[in-house]
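Each protein sequence line maps, in turn, to chains Y and P.
With the first letter of the first sequence counted as 1, position 174 gets the number 174 in my numbering; the numbers rise by one all the way through.
With the first letter of the second sequence counted as 1, position 311 gets the number 311 in my numbering; the numbers rise by one all the way through.
I should point out that these hints are in silico values taken from the structure, not numbers from a laboratory.
All C-beta atoms, glycine included, are put in the ideal place defined by N, C-alpha and C.
Careful: at least some of the hints might be erroneous.
Simulated DEER-style distance windows between Cβ atoms [claimed, not checked]:
1) P/GLU260 with Y/ALA81: 29 to 39 angstroms
2) Y/VAL288 with P/ALA161: 33 to 43 angstroms
3) Y/GLU277 with P/GLU155: 27 to 37 angstroms
4) P/GLU155 with Y/ALA271: 25 to 35 angstroms
Number of protein chains: 2
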Amino acid sequence: MSDTPTLRPVCIIGNGLIGGSLMRDLAAHGERVFGYTHSGAGARKAAADGFDVSTDLPGVLRRAEEVGALIVIAVPFDVVAEVLDAIAAHAPTCGITDVVSVKRPVHDLVAQRGMLERYVGGHPMAGTEASGWAASQEGLFVGAAWVVTYDYAAEVERVPAAWADLFREVCTMAALVGAESVPVSAVKHDEAVARVSHLPHVIAESLSIVGDRGRTLAQSLAAGSFKGATRVAGTQPSLVRNMCETNAEPLVGVLDEFIEVLQDARDSLAAEHPSMEHLAEAGHRAHVRMSARSGARRESVSPVAISSRPVMRVHPGGPGWVQQLQQIESLGGRVEVF
Amino acid sequence: MSDTPTLRPVCIIGNGLIGGSLMRDLAAHGERVFGYTHSGAGARKAAADGFDVSTDLPGVLRRAEEVGALIVIAVPFDVVAEVLDAIAAHAPTCGITDVVSVKRPVHDLVAQRGMLERYVGGHPMAGTEASGWAASQEGLFVGAAWVVTYDYAAEVERVPAAWADLFREVCTMAALVGAESVPVSAVKHDEAVARVSHLPHVIAESLSIVGDRGRTLAQSLAAGSFKGATRVAGTQPSLVRNMCETNAEPLVGVLDEFIEVLQDARDSLAAEHPSMEHLAEAGHRAHVRMSARSGARRESVSPVAISSRPVMRVHPGGPGWVQQLQQIESLGGRVEVF
């Protein structure tokens, strides 16, 4: 824990798994952090754990405005519009980021309210199937990608200095909690998470349904492969709906791709001489490629965690910095800000 | 470790992940165990670890015959016929079990050779995506279901005492390594594993392919939900093919079910008002049911592992014992033999 805070005060709206874990990490690093939750029970639990959480949204936002806080929106998507309206009313100058799992729909809500010049989108690629303050934990974000969007900077002719500062602050916050800032435009983010996050959630729900039809014998025999593929079906249905329904268009596209691959495999297996050769070989090659990046860290013999994402040092607001972000995005790389 | 062996000597044919782990566990419990591998390098590695493994299959089987060993076939399915022929030639009276992941095709090969009266099928529902002796480990089977087939006993009018003894021995071996014996007929086993094991493997391969199409950005953003659902795509393609191709008929059936569930979800998401309500609610309920059984053990606060599978004590060869097995099968339960 350091004695001098690195960040401006942080005001977290929503104290579920992600918001709560962020609050714990920031507090553990000596940062000034306070927040809001809609639930009285949630606020009491957080208070019992020593955190500064209130159920008075206007009050919390007025305090954020007074201290010049960075506001982090950490609520499900269906409440984001309401929170943005409250921010417009009670915290008219604070910088805003969020941790919502879709980015274009949030970007659109922010744009509709004319707040883009003080918004930098975020999405930490971390979580568990549990939810709520009780599930929050320190260290949840270590090694995770923390998506940081930069659409506004790519659209305007001249990026305001305050926006560049806000971008730097969000990246610094991600680094503080052990995550790696990955710059991505909202549209590309939504397509990528449809593929690697929302599709796996649809699969987990669907496989749970099909497995369950095998009744008690299937329950008894289900082992690692089934459990691994269905774990996230333990997520609250409302959270899964929020993610998938707000990202329906890209998700339908990758579902069509996935169904086509399955249908081909099904037809090869239904042939006179059943074969899985193509699927097993291509799937294994794809798995090796997908694991190459994320796997390196854990298998490293070094005691220091070594990131397998390429890194670029970027000075937000400096010459050519937005082009640098576009370049690192194309590599799935991370930025270190200075 | 106990000083007096519980089992007759055990002869394991094949020392990959499952055969090797079984050998390690049995040796650790003071049982007499030896085996065969086709690979000189594999035999040397096992020997270096202090195990008695030879590359001379006829020699190993003659030794099994001399000491009255229980033979465990632990090779991929495509080599099983060859191993059975060698057993017929060199170990004409030994009891035989196996750990192959399909049961009716193995049963048919055994039947074709007229060896059913000395065969009890087995399948431990345990494993990792790694393979080979190097991946073998002690404790792999703790808490796992160990399927034990009883088709022969259900078909014959009078079960020979030697067969009942063999059934007891296989269950005792499973219990020794910490597994739970789940009696299942070959056909029901193959249908259930198509649903909860082979389908997850097909999904893992297919999702890896679709994820990989998202290139470096998708690689960078893939987190827990993707990794959990694709882990087993790290399995050797030849092993996945062996499992799925030999169980093609039940697997095609559950693939059709799965594709239908996905297609319905896709259509609901493509509607004017995208909805995942049905899938998310039904999937979550199914997940809760599927986890109820297997989850109890790990979440138990008791220091003693408590199985969530119903148990029945059975005396193989005793009055009505085959009916008892059928009854416990319908519950996905386990047997303790005496």
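Comparing the hints with the structure gives:
1. Restraint check, P/GLU260 to Y/ALA81: a C-beta distance of roughly 36 angstroms satisfies the suggested window 29 to 39 angstroms.
2. Restraint check, Y/VAL288 to P/ALA161: a C-beta distance of roughly 51 angstroms breaks the suggested window 33 to 43 angstroms.
3. About 35 angstroms separates the C-beta atoms of Y/GLU277 and P/GLU155, a value consistent with the hinted range of 27 to 37 angstroms.
4. The beta-carbon spacing between P/GLU155 and Y/ALA271, approximately 31 angstroms, falls within the hinted interval of 25 to 35 angstroms.
The structure does not agree with numbered hint 2 stated previously, though it agrees with all others.
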